[in-house]
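Could you build all of it, start to finish, from the sequences and the hints given here?
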Amino acid sequence: MGRIVGGIGLSHVPSVGPVVDRNRTQEPAWKPLFDAYVPVRQWLAQLKPDVAIVVYNDHAADFSFDKYPTFALGVAERYAIGDEGFGTRPLPEVQGDLELSIHLSEALVYDHEFDLTLCQEIAVEHGFLVPMNLCFPHGQGNDEMRGWPVRAIPLQVNVIQHPLPTARRCYKLGQAIREAVSSYPKDLKVVVMGTGGMSHQLQGKRFGYMNEKFDHWFLDQLESDPEGLCGITHRKIMEQAGAEAVELIMWLTMRGAMSRSARRVHRHYYAPMTTGMGLISFEDDQGVC
Amino acid sequence: MHFVKLEALSLGHLCTPGTLLSVYSYAVLRPIPDTSIFDLRLSHRGRRLNKLCAALCSREEREAFKRDEEACMSKFGLSEKEKDLIRQRDFKGLIEAGTNIYYLLKIGSVTGNGLYKMGAQMRGESYEQFLSTRNYKDAV
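Protein chains in written order, with this note's numbering: chain A, 240 to 528; chain B, 167 to 306.
Hint data in this document are derived by calculation from the structure and do not stem from the laboratory. Remember, predicted model here, so these are calculated numbers, not experimental data. Be careful, since some hints might not be right.
To be verified - Simulated pairs of lysine-lysine, DSSO-like, Cα-Cα distance not exceeding 27 Å:
(1) A/Lys444 to B/Lys241
(2) A/Lys411 to A/Lys306
(3) A/Lys306 to B/Lys258
(4) A/Lys444 to B/Lys249
(5) B/Lys303 to A/Lys270
(6) B/Lys232 to B/Lys258
(7) A/Lys411 to A/Lys428
(8) A/Lys306 to A/Lys287
(9) A/Lys270 to B/Lys283
Below, the structure is given as structure tokens:
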């Protein structure tokens, strides 16, 4: 049977990508961030998840406003590394889990009435890859450690062109994912990653706005009262934490996928430039809700 | 569902007078100072600009843009006003014209303007001034 064993909420700041690629992770400005992930990587190495479901948003790399899905799930054996306008990063392609994706699609559409857009090709970009970089090591070329140590399934959410799904809808999707994973007939360990945020605004005169107090409040609520946090409006997030902070609704999908007895393991916050970079993780040893 | 008639609420460019929206939509779309809320109205306005930017996800298109910016802008049917915004590297204006921020990053990159340079311009500051407002400006 499928089991959700953990969840991680984390930011997906694009500048992290080149820092990884150019081996700058130990520079003073970046070390605090990467140090925070040392215990997370150790924890994941012990949990040994088979699959990571990565809830993220595409930043106009592979999805465009010509046709823009609210929720889109990858249903493929592998996912290419996308070019989001700055070239393709030198990363191994991502192995998917086709069988689990098909199961999730059927369970979510039939049993839980989430009318997903189902994608046989997705080129993944920083929204997906930065969280992968932070949580998992990867090898290159002919290394013995070639590729990623986990299969991954992208779940793309519209958080950039309003109307967006509500925070509660995102949470309910997480609850549905939990049930769908639990009804998977094979033994499989799954982690769910909710990515994006925290406070940031990247346009207008309020460019660079951050709100550390809001970010800590959000982390507190996410841990202690996720049901209550579901009532938050897009407007409240945008007003208090910046327009682009609305990505945070994707963390609620991760939280919705955790059981009531899940316990928080890691928590970290670092806000050097224009984005509050948060991290929170939950371990979950309950098979079903 | 309760409805609010927007005519009375002076939402500026965001809504056509007389449009009916639910209370939830109204609450979302009410303007936030110094902030662009990228909704379908703005997306529709910026569709040509965003299409040009989307094309810049291909190396060939980036090279074509660098070779002949004017030809590239004409190919995507930009209006003279929109072309001027690109010619002048007016990032604030491009956002107001409906360019989504994540699309704007692509045109920034191809013209040698990273996010923080564009941001400084949008704030009306020099790059150095903007950096001095950050907690740790080396994290770039």
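Going through the hints against the structure:
{"no.": "1", "hint": "A/Lys444 to B/Lys241", "verdict": "violated (31 Å)"}
{"no.": "2", "hint": "A/Lys411 to A/Lys306", "verdict": "holds (24 Å)"}
{"no.": "3", "hint": "A/Lys306 to B/Lys258", "verdict": "holds (26 Å)"}
{"no.": "4", "hint": "A/Lys444 to B/Lys249", "verdict": "holds (22 Å)"}
{"no.": "5", "hint": "B/Lys303 to A/Lys270", "verdict": "holds (14 Å)"}
{"no.": "6", "hint": "B/Lys232 to B/Lys258", "verdict": "holds (21 Å)"}
{"no.": "7", "hint": "A/Lys411 to A/Lys428", "verdict": "holds (21 Å)"}
{"no.": "8", "hint": "A/Lys306 to A/Lys287", "verdict": "violated (37 Å)"}
{"no.": "9", "hint": "A/Lys270 to B/Lys283", "verdict": "holds (24 Å)"}
Of the numbered hints listed earlier, those contradicted by the structure are 1, 8.
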